[in-house]
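**Student:** Here are the chains, one letter per residue:
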Amino acid sequence: MTEPTLDPTVDYPLSLNRQDLLFSPNGKPIADITMEAVMSGEVVASDLRITPQTLRLQAQIAEKVGRNQLGGNLRRAAEMTAISDERVLQIYNALRPNASTKPELEAIAEELEGEYGASLLANLVREAADVYERREILATNE
Amino acid sequence: MTDRVLTFIDEKPAEPGKRTDEVLVGISPAFADFFSQTITGMSHADVVRQILAGIEEQEVSARIVRIRHSSDLAVVAHTAAKLSGSGIAIGLLSRGTTMIHQRDLPRLSSLELFPQSPLMTLETYRQVGSNAAQYAKGESPEPVPTLNDQMARPRWQAKAALLHLKETEQIVKGAKPVEVVPQFAEALAN
Amino acid sequence: MPQTVVGVDIGNSTTEASAATIGSDGSVQFLGAALAPTTGVKGTPRNVDGVADVVERALRTAGVAVGDLDVVLLNEATPVISGMAMETITETIITESTMIGHDPRTPGGRGLGVGTTVGFGALAETPAAEPVIVVVPRGVDFEVAAGEINAATRRGVAVAAAILGNDDAVLVVNRLDGAIPVIDEVSRIDAVPLGMLAAVEVAGPGQSIRTLSNAYGLATIFELDAAATRVVSPVARALTGNRSAVVVRTPAGDVADRTIPAGSLELKGENRRATVDVSRGAVEIMAAVERVSPLADVSGEAGTNTGGMIANVRQSMADLSEHAVADVHIKDLLAVDTFVPQEVRGGVAGEVALENAVALAAMVRTRDSGMQAVAAAVADRLRAGGAEDVEVIVGGVEAEMAVLGALTTPGTDKPLVVLDLGGGSTDAALIEIDGSIDAVHLAGAGDLVTKLIDAELGLDNLELAEDIKRCPLGKAESFFHVRLENGTVQFFEKPLPATAFARVVTLDGHSMNPIPGRHSMERIRTVRRTAKERIFVVNALRSLRTVAPGGDLRQIGFVVLLGGCALDFEIPQLIADALAPYGIVCGTGNIRGTEGPRNAVASGLVASYAGRSAGVLVGGSG
Amino acid sequence: MTAVSPEQATTVQKRQSERTKVLEERPVNLDGFVQEWPEVGMVAMDSAFDPEPSVRVVDGAIVEMDGRARADFDFLDQFIADHAIDVATTEQSMAIPAQEIAAMLVDPRVTRDEVIAVTGGLTPAKLLEVVKTMNIVEIMMGMQKMRARRTPANQAHCTSARDNPLQVACEAAEASLRGFSEVETTLGVVRYAPLVAMALQIGSQVGTGGRLTQCALEEATELELGMRGITAYAETISVYGTESVFVDGDDTPYSKAFLAAAYASRGIKMRFTSGTGSEVQMGNAEGRSMLYLEIRCILVTKGAGVQGLQNGSISCIGVPGAVPAGIRAVAAENLIASAVDLECASGNDQSFSHSPMRRVARLLPQMMPGTDFITSGYSATPNYDNMFAGSNVDAEDFDDFNTIQRDLQIDGGLQHVKEVDILAARHRAGKALQAVFRYLELPAISDAEIEAAVYAHGSRELIPRDVLEDLKGAQQVMDRNVTGLDLVKALESTGFSDVAENLLTVLRQRVSGDLLQTSAIMTRDLEPLSAVNDRNDYAGPGTGYRPTGARWEEMKRLRHVTSAENPEVEVD
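Residue numbers (our numbering), protein chains in the order written: chain A, 217 to 358; chain B, 148 to 337; chain C, -13 to 608; chain D, 55 to 626.
With the rest of the complex left out, here is chain A (with noise of 0.2 angstroms):
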């Protein structure tokens, strides 16, 4: 589908204006998460969270009112919420500094692109695995 052009003055806060764009991960409309849904169990956890559209959207928001690296790390996110918690925190920790042989890097990148299309993480990797290289911060051990 074909992401919706917002107007910040306008659309913003959409938990308010454009309720009609707002789903949960399960396809819930945010208008039916009302507390008899969650009494009756309609609603669970899982519902409660972001879906990458809806980052998508908050992202045009903030590049329209001028905030292009905000906009960028929504995006980033977006990718993100595919990735399982547990993988997440594990990405993190093999970016710390030491933690990681340039290689092993590499193969985080080529998962993110192949597995979860991720581009834009793939590439904030990527660039890690440069930079790590050449202030020599790398994993030594092997």
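All clues stand as given, with none of them false.
25 angstroms max Cα-Cα, derived BS3-like pairs, lysine-lysine: (1) K317/C with K254/C; (2) K284/B with K480/C; (3) K159/B with K323/B; (4) K317/C with K28/C; (5) K323/B with K229/B; (6) K284/B with K461/C; (7) K543/D with K244/A; (8) K284/B with K165/B; (9) K472/D with K610/D; (10) K159/B with K320/B; (11) K306/B with K75/D; (12) K165/B with K229/B; (13) K165/B with K323/B; (14) K480/C with K461/C; (15) K229/B with K461/C; (16) K313/B with K323/B; (17) K472/D with K485/D; (18) K284/B with K229/B; (19) K28/C with K485/D; (20) K229/B with K320/B; (21) K480/C with K229/B; (22) K28/C with K543/D; (23) K159/B with K229/B; (24) K485/D with K543/D; (25) K526/D with K485/D; (26) K526/D with K28/C.
Some chain B residues near chain D, calculated using beta-carbon distances under 7 angstroms: (27) Q297; (28) M298; (29) P301; (30) W303; (31) H311; (32) L312; (33) T315.
No lab work stands behind these hints, which were simulated from the structure alone. No residue lacks a Cβ here, since even glycine has one placed at the ideal position from N, Cα and C.
Position chains B, C and D relative to chain A; hints supplied.
**Tutor:** Relative to the frame of chain A, chains B, C and D by itself:
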């Protein structure tokens, strides 16, 4: 009134210890050298004397080594621990911060750490020596209680940083640890 | 036509279910089991969530549709709760600071020194006459102390020994011209009487003093007659096993082992009453309990510690069961002898003596268990959930069901006793050859063991005590190996946590918790095992005597252990050893040969229901 | 061989004037002050050893920055050059004289957007040069305009020296009622975290709804509590100004950037933390001034795409606090964060001085112009209960703080609240927590405990909890995977529907992502308020945010105000 003077003599390259009933005291580059007292003005002579007393009272022997290539407490303590016959060592910085370390521990870890140098007292140093000696004997001492004071930050944080920087200046790159023998004398301060 | 039934056992912590089909002939075929944490307090409608959950899962594993469910059987919970209390009944008092026996870690010198006590300040003026023992207050530097003593000896003063406030004994001795016995860390050194004849004795490391711990040794030193010797004999006893000690001879000096008037227990039996003084100890209390049993209620002598102790137990159980205190009736009582380390009154160096104490566990019957209400709620939930015509029945009393379940353990037969040693109470049930069942609930179980460990090791940390109860011990001798309590060594790839180094630790499989304090591994192990013996073994025997035909344990063939203790690493062994002499086969249950010590009640519910329904059918045809 | 004797010369007693004795006794003389030492970075912001500003762009990439060639960039330089600085505009922005840019910051006629168009292209050394031309009043003028959110707000620390969840719930309810938009907690015993975080979440929804909560822990746990919806935002993600210190902290700008995306991907608001003094304190300032290094942290934050930053020296405040112009530098670091369009939670959150006068002087440069969060941790408890090692302002300063707001008509985000209302809120929070604990089978909370907690000033007046049972309960919360949704259910089923609704509204926000925008908080009407729908529009006298109307009336209230109608009584 008289003050105790600490003199280090018989400087020689530090060798790994053979006897298992010894504790090493690793002192930082500027300890009782460029500096003569801790952050709160306690004389280095008294500090060392109390640590040694704590070890001696446990009937364990002690050696002192000066670490010259680093002012990082963990490095000072761990380097000494690797030279210690028992594997146990006390690290001591000029400003008074101290820790008990063990050879097999990761460097950044420690058996007991006393990060708040302004809160150290001579009694604490005696207990530190005593506990280190007990570890060396394979006993299980109660860890020395560490104090905390919120208002230490405004009073001491900057001075501590300054002392650390000065000590760091005294580092001799690549210099090996040396063993020294303490000699105490009473001196009339003037 | 066959029925689909699920037996459900709602326990305090877990809810278990067994699904089965029952043939019209009453034959039972178990299909599946499930287990989940109990939701809500046992016996309250909030159990429903947990029950519905296990029923569904049991059916799923059984491959049966919820719609086909005919009957759910709930356990009738045994309506008992328990409480605990502890009371010290002895105290040691030193008068006139006669004795210093705190056993400092590092005394100095060796041997025995006898002389008159003299203050450090007065040492310089002391004439070179009869031998003296110098008393050095805290704050005197060890070099100064040694210097003065050397000066005095050079002047001809015979300094026979020294008593120090600081932890300086070795330091001082190392600086003396001639070695003398020195004892240190005497915190209230100002209380040491001066100008009195005294003796200081220090033994070598790992050894203990000979003279001062021997009544006749004291008599010899202080030239005592028989009467006086009798008076000082408690001193000698108090010092036994110390590496160092001081004894001062003062006019009225004494060490007394005194019994605290703790007050008495009023035991009301169904038909007999008895009064027993708590300070008589557990044996006599339990004897009295036996005499008046069955017990109807217990009260403590008003205005005494015992009175307070029982009142507390009542109150705590009233709060727990939401009964009025008046409605709380103690139906069983377990008294256990224990000892707690306590600072000696009149001690000058924080001496600690192990004082006798009595721990009590009491058991109370509550009104009903509220299971009927739970059954109704479960029925509604399951019917709403698709089991349209399910029936929910409270199928039988826990203990009885447990027996039936236990009987499915391979190798068992009637007469059989089930022992369920939980946290609060010890439950036992006997099934005889003729199938008749007799059950009993006794006070005292896991919680009391924890309390004993906590008190006897002076931990004041129930979490740690709990840990010690559950896990084997080890000592981290290096960062790469642990010496286990059975003497074997376990090695590790990665260095152990710094907090564990050189400490006795509990090993619960994955983590390692250091035990603070000076206790040796052996000591902690002994306390743990004796605590378990004093509660679990004693209660095992008590309960067996109660249910055994004619109280004769030899009439029991098999004992099956269930509940928390059945999974403990040593309790089954302890109990088996205790029962072996009676020719009883004892072991941990293995329900239906597959479930281990779990699912006994659930399986029992199904079995008994099967039995009954079969009976009904027979009756119908006749 | 070396011989030394202590220097503290035991001099002959000189006669001392009575006045000197009085002055010696003043609390300020308990504070520590040190001389500058620029060579090693023991200097606030004015150092000959800081680099000269420069930039060179070759086909779309910065190849030289502040006198360093790209080949010699450390990882901060490179991250900043590649991600923080607007390559398109940098050369022309850098061409503008520092003094002129400073003038733009101060001049009301230059709009915030115009300034940001320029600052977006500035290098660390240039930003430093700009603020070096500004005195404290000009810095405050700049902050007044550059603050991202139009409406200032404040944040509270709600902790307990005993990690008592009940106390934290009560403090959170009071803090929320007093006006704090965010409440933060941390632990003495880390295993207590689940219970205390729950208590904070529940309590903060009792007073005034919509407060955002966080629990400062190590990343993994903090992230997990956030993902479960037991906390609402995160703040303790530290960045440092030199490569060596960054590596000592076991992180890099790239690992932190990845973590930033992780929080956003779970719909959780997050800000970085940094502050002047941390590098020199760790002895690795590489000879740069404290402020220069802090500016690098600010630009790393910007480059990572994080919406905001907690700075203002924070836990190292004793270092800038001890050198000349240190507190001016601290004010400047807040300004620069705002000037590059970040949310700024502006410190004032650590014990700073023994002197009451210095504590206020350190607070005013943020309180007067207003920042997104005046303090990033006002201790809602007495400082002895503050598990963040004490704050510059604590519960005993509430009335002073409210009076200063009233005296100067400046909005520090708080207001005086009548005791009856506070007691009611604390009581309700206690009851709500009691009900939730009962519902979730957690260790019981007795009415007596609640009674004590409601009227307590600090943990010393509480009934101690059974820590063993609590810790088991805390473990249960983790094992049973209790989530924010379970708290909603518990509250709703136990008759605390309004609290449940507030909490559900906060949780719903992670579906919308509105709180991911810069400087987002929630209003009393539970609506998101951020630098998107509440952009700072200050344009000189008579413009921008100033307390008026209902808010000003609210701020006029104090504990004791003599009534004008009847001077014999006080205004209620």
